[in-house]
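Chemist: Since chain W is already given, all that's left is putting chain X on it; use the hints.
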Amino acid sequence: MGKFLVRRLVNYLVLIFLATSFAYLLAASTLNPRVNYEQLQPKPSQESIEMRLDALNLNDKTPLAQRYGTWLAGVAQADLGRTVEDKSVNEAVARKAGVTLRLIVLGTIIGCTTGVAIGAYSAVRQYKAFDKSATAAAFFVLAIPTVVIAVALQVLAAWFNRATGTQFLQYGGEYTANLDAGFWGMLLDRMQHGLLPTATLAIALFAAFSRYQRNMMLDVLNADFVRTAMAKGLTRRRALIKHALRTALIPTVTYFTFTFGILLAGTTFTEKIYGWKGMGAWVVDSIVRNDVHAVAAVSLFMAVCVMAASFLSDILYAWLDPRVRVS
Amino acid sequence: MSLSAEHAASDGDKGTEAGPGEPRVSGRWSAVFREMLATRRVVVGIGLILLLMAAAWIGPLISPWEFTERDFASFREPPSPEHWFGTDNTGKDVFVLTMVGLQKSIVIGLLAALLTTAVAAVVGAFAGYFMGITDKALMWITDLMLVLPSFLILAILYPVLRGQGWLVFVLLLAAFAWMVTAKMVRGMTISLKEREYVHAARYMGVSDTKIIFRHILPNMSSLLIVDATINVSGAIIAETALSYFGFGIQPPDVSLGSLIATGAGQALAYPWMFVFCTGLLIVLVLSANLIGDGLRDALDPQAKSRRR
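So the sequence lines, in the order shown, correspond to chains W and X.
Just so we're aligned, residue 1 is where the first sequence starts under this note's numbering, counting upward by one.
Just so we're aligned, residue 1001 is where the second sequence starts under this note's numbering, counting upward by one.
Just chain W, same shape as in the assembly (with noise of 0.2 Å):
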């Protein structure tokens, strides 16, 4: 089983590699700084524009490949690069990605959690009331794009707090500003700020892996190994838990490697929506300021993040899976 997961570990590096240079090549062949520059009022002489995108590594008069190869060397040495502003693309990501990474693990783990314990527990109760509302709410919540759940929660928030006369749910930023409270108030503080982007993904998350859950829970519910581990003498719930549900994870398992992409798209819209000034958010205003360095280490962190979850898929398929420890 080590041998497998090495295995899989260095083929993830060489597709985190492939895709952030991917990305570089397409960000320095599609955005244009030079246009920040040519923009700027008064408008600075051609030659410091032009020395000013050397020193930057942006000058799209350099040969592609020559750019690629100084950025490639930098990144070798853990330097990103710098933004077109002239800031280190290191002090932004190591301020930033722990934002993100903060959102998407609660985000992730509350969503797959009752997705997957809702979907579960549908397919055992397959169309009794609680099935059937289950399945209604995960179909209305499947048509709805994040976009409109983070702003739908937004408006709620804002009706709610008028409502009541309180501040209670926050929307914007990641914590107010200048708060003198002690630990505990900032920790109060902070929860009240990440309540609604936590629940937009999840609620995202749930819908997806409670249907998901549920049809492949169904698939093994009437399967022999289930009915031999009742009578062997488990309970129905035990059996259920133990041999159905641990058989009908490891599909779940996989579906989620594949819809990590789309979660990581959801908590870009999220942050963008709320204020957070994490990863997503960055690279929608990267891209709108031309600066490639930036947007190439979102990649590059998006990457790892999707590896990382892919890793995480395989250790937990192969607990779940003994056929893959084995062989």
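Derived from the structure by calculation, the hints contain no laboratory data.
Just so it is clear, the structure is predicted and the values come from calculations on it, not from any experiment.
Hints are supplied without guarantee of correctness; some may be wrong.
Claimed, not checked - Some chain W residues judged to face chain X by a derived CB distance under 7 Å, without partners named:
hint, residue
1, Val141
2, Pro145
3, Phe258
4, Val284
5, Ala303
In this text, a Cβ means the ideal position worked out from N, Cα and C, and glycines have one as well.
Modeler: Relative to chain W, chain X alone:
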């Protein structure tokens, strides 16, 4: 699956067997059709989509306002008998805007889904059929494309896209959405190509490409149809998200996504600019999902709903 297999096998040399005018025996597709009509979800979904299509194309015709027309007497007016959905910031009639946006969203969804499924079918079937180096190369490309979220790539491509019109946008939307389906198709191809009729065709000297298009792909039409339906909603949702950030449909074109983008900021003050387009989008995606989910049951001989 076996039913459809026999059907396709007999379909292959229909030219010699079925004489002209011979009544067609009730086959797989009419059975599926009946099953489909018996599935309430599918009927409701198709009904809703037809209704939306009718509204989208007939609505602007019966409205007294033109798409480009501005009513300078009323900006941001709430719905009234004159402006059914109210007016927006520039005095445009929201009803006409929404219907034109709905048209575009429907067309984008259908086109992108069709393209996505076609690419996925070809890539998956070739990889699964030939295996070996073809499979390695194709699956490796698929994996590579799954590494970066398609949203990111499409957003980076936006400066190129800006001047190109919406058809290019549809092409790109499809170009970055086929990977997961292709993996499923590959899996099915691997099991299908061991079937007797494929062996028979191969020993008769039918070329590989012909086997793929005549015998393998038709036999997973259920999967492909269901997947195309699901891809419709996927494409519409992707379009909405991209347009929301200004990376998608560019003015003067409008889609439900770009309308939601303008309406979202003013959702509290002027709800009619947000509620109608969002509501229609949800109904549209919901009906596509209902059809897809219902079809999956209708086309799957092992569907759970039939074991009741």
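Chemist: If a hint holds in the structure, say so; if it does not, say that too.
Modeler: Now for the hints, and whether the structure bears them out:
no. : hint   : in the structure
1   : Val141 : violated, 10 Å
2   : Pro145 : holds, 5 Å
3   : Phe258 : holds, 5 Å
4   : Val284 : holds, 5 Å
5   : Ala303 : holds, 5 Å
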